[in-house]
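Chain order of the listed sequences is A and B.
Under UniProt numbering, the first residue of the first sequence carries the number 1, and numbering increases by one thereafter.
Under UniProt numbering, the first residue of the second sequence carries the number 1, and numbering increases by one thereafter.
Don't read these hints as lab results, they were simulated from the structure.
A couple of the hints might just be wrong.
[Unchecked claim] Derived Cβ-Cβ restraints for the label pairs, each shown as a range:
(1) A:ALA107 x B:ALA64: 42 to 52 Å
(2) B:ARG90 x A:PHE100: 15 to 25 Å
(3) A:THR91 x B:TYR38: 17 to 27 Å
(4) A:SER73 x B:LYS2: 52 to 62 Å
(5) A:GLU171 x B:LYS2: 44 to 54 Å
(6) A:PRO164 x B:ALA64: 32 to 42 Å
(7) A:SER73 x B:ALA29: 51 to 61 Å
(8) B:GLU131 x A:LYS4: 35 to 45 Å
(9) A:GLU71 x B:GLU113: 50 to 60 Å
[As the list claims (entries may be wrong)] Cβ-to-Cβ under 10 Å is the rule here; a few derived chain A residues that face chain B:
(10) LEU142
(11) HIS143
(12) TYR160
(13) LEU173
[Unchecked claim] Covered stretches of chain B (chain A as the covering partner; in silico rule of three or more C-beta atoms under 8 Å from a C-beta of chain A):
(14) 14-27
(15) 49-61
(16) 143-156
(17) 166-179
Think of the CB as a built atom: it goes at the ideal place given N, C-alpha and C, for glycine as much as any other residue.
Protein chains: 2
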Amino acid sequence: MKEKLREVAIELFERKGFKETSVQEIVEAIGATKGAFYYYYKSKEELLCDICVSYLDDLLRQQACIVQDPEKSCTEKLRAIVHMVICNIRTRKKSARIFFREMRHLADDHLAEIRAKRRLFRKRYEQLVREGIARGEFKPSLHAEMITFGLLGITNWSYYWFRPDGGISEEELTDIFVDFILHGIKAPRAGESGRNEAEPGNSGGQTE
Amino acid sequence: MKEKLREVAIELFERKGFKETSVQEIVEAIGATKGAFYYYYKSKEELLCDICVSYLDDLLRQQACIVQDPEKSCTEKLRAIVHMVICNIRTRKKSARIFFREMRHLADDHLAEIRAKRRLFRKRYEQLVREGIARGEFKPSLHAEMITFGLLGITNWSYYWFRPDGGISEEELTDIFVDFILHGIKAPRAGESGRNEAEPGNSGGQTE
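In isolation and in its complexed conformation, chain A is listed as follows:
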């Protein structure tokens, strides 16, 4: 029942908004009573918090599995996190949208709990960037904290536009983004004047 309440609330909050959805509408949608609702939740706000917490706990669980994997390099872990966030759009888009849009309706103690979880997700990501630097996989000059915000931006923004059933698959988007993140967009020799001419050793070169 609790799961059902949460599911229908996700639908309603996403479509109508948190403020515009009443407890009455939520229980009516699954043929339950207000009594049943208040057995599980003290208030509509507590249900909103439950949606946000469950969304974040799920992401944190998946992230922990990835970063703790002793077989993977930091680059592979980075790829796995990008892929995970993009794949979550299919299953968790509505929760994510509610989370970002309605967070301000949470009570202060709930907001503090949510913020701590978000921070943990970000700090683990940042730790991965730092580890990648320490292992020589990523550039030593990186500003790990700001780069992490950039990485989060690339994937989190996808919730606003990516259609998993559109022309680009989750796998393809992951490849595009990971290549972008690792190598950037600049053409290898663009603007490095003289590098081409000065580079000898091209076996089988043309004579002209």
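With chain A's structure known, arrange chain B on it following the hints.
Same frame as chain A, but now just chain B:
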């Protein structure tokens, strides 16, 4: 007066939410009457639309100046757009937050107008990426449309976390992000086994 109404509405919508703010509160906050309000706006929704349109028109105006500059390379234009969006956080954060959060309250025709403006901003950005590819500044293999979404993600996400008066300045963040966008995070030689040894021609090299 219209400007004043818009300014106070931005404050109230941002703090309390669009639905939770009444026309009465807006006019009271500047000592005006409802009559004055309805002289300028047909409804609270029209005022919301005006806030979103003015926010987007301003961004589009700045973007047009940048992309039309015949003196700048595509790389310089890219930098200028990243810088522009980051600098807009200081002056336009509240409008941006209202825009993203309350857009769903707009009437269909207003929403269509807003969407067309957002699309224009994105398509101009994408055009810049395509031009950069054509001129050899950016990699020919790039998926211009998806890369543009990635670029938008990096800067738009900043509205959620960047504090212009914090430890990192707008200029510094622009430098960090542009370097990330152009060159990526991967260490130059990481994983490219054998490249170092095979590359001759290092004048003044060490003998050891």
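Going through the hints against the structure:
Taking the beta carbon of each, ALA107 of chain A and ALA64 of chain B are about 44 Å apart, inside 42 to 52 Å as hinted. Take ARG90 of chain B and PHE100 of chain A: their Cβ atoms lie about 22 Å apart, and the range 15 to 25 Å holds. Checked against the given bound of 17 to 27 Å, the beta carbons of THR91 of chain A and TYR38 of chain B, roughly 45 Å apart, lie outside it. Checking the proposed 52 to 62 Å range against SER73 of chain A and LYS2 of chain B shows it holds: the Cβ atoms sit about 58 Å from each other.
A C-beta distance of roughly 50 Å is found between GLU171 of chain A and LYS2 of chain B, which places it inside the suggested range of 44 to 54 Å. For the pair PRO164 of chain A and ALA64 of chain B, the supplied restraint of 32 to 42 Å holds, since their beta-carbon distance comes to about 33 Å. Take SER73 of chain A and ALA29 of chain B: their Cβ atoms lie about 56 Å apart, and the range 51 to 61 Å holds. The hint said 35 to 45 Å for the Cβ distance between GLU131 of chain B and LYS4 of chain A, and at roughly 52 Å that hint is violated.
GLU71 of chain A and GLU113 of chain B have their C-beta atoms about 52 Å apart, which keeps the hinted 50 to 60 Å range intact. Look at LEU142 of chain A: its Cβ gets to within about 6 Å of chain B, closer than 10 Å, so that hint holds up. For HIS143 of chain A, the interface hint holds, since its Cβ comes within 10 Å of a Cβ in chain B; the closest pair sits about 5 Å apart. Interface restraint check for TYR160 of chain A: the shortest CB-CB distance to chain B comes to about 8 Å, inside 10 Å, so the restraint holds.
Given the 10 Å rule on beta carbons, the hint for LEU173 of chain A holds: about 6 Å separates it from the nearest Cβ of chain B. Closer than 8 Å: that is the beta-carbon criterion, and the stretch 14-27 of chain B has 3 residues meeting it against chain A, so the requirement of 3 holds. Look at the stretch 49-61 of chain B against chain A: 0 of its residues bring a Cβ nearer than 8 Å to a Cβ of that chain, fewer than three, so the hint is violated. With 10 residues having a beta carbon nearer than 8 Å to a beta carbon of chain A, the stretch 143-156 of chain B meets the requirement of three or more and the stated coverage holds.
Check result for the stretch 166-179 of chain B against chain A: holds, 4 residues qualifying (beta carbon to beta carbon below 8 Å, three or more required).
Checked against the numbered hints given earlier, the structure breaks hints 3, 8 and 15 and satisfies all the rest.
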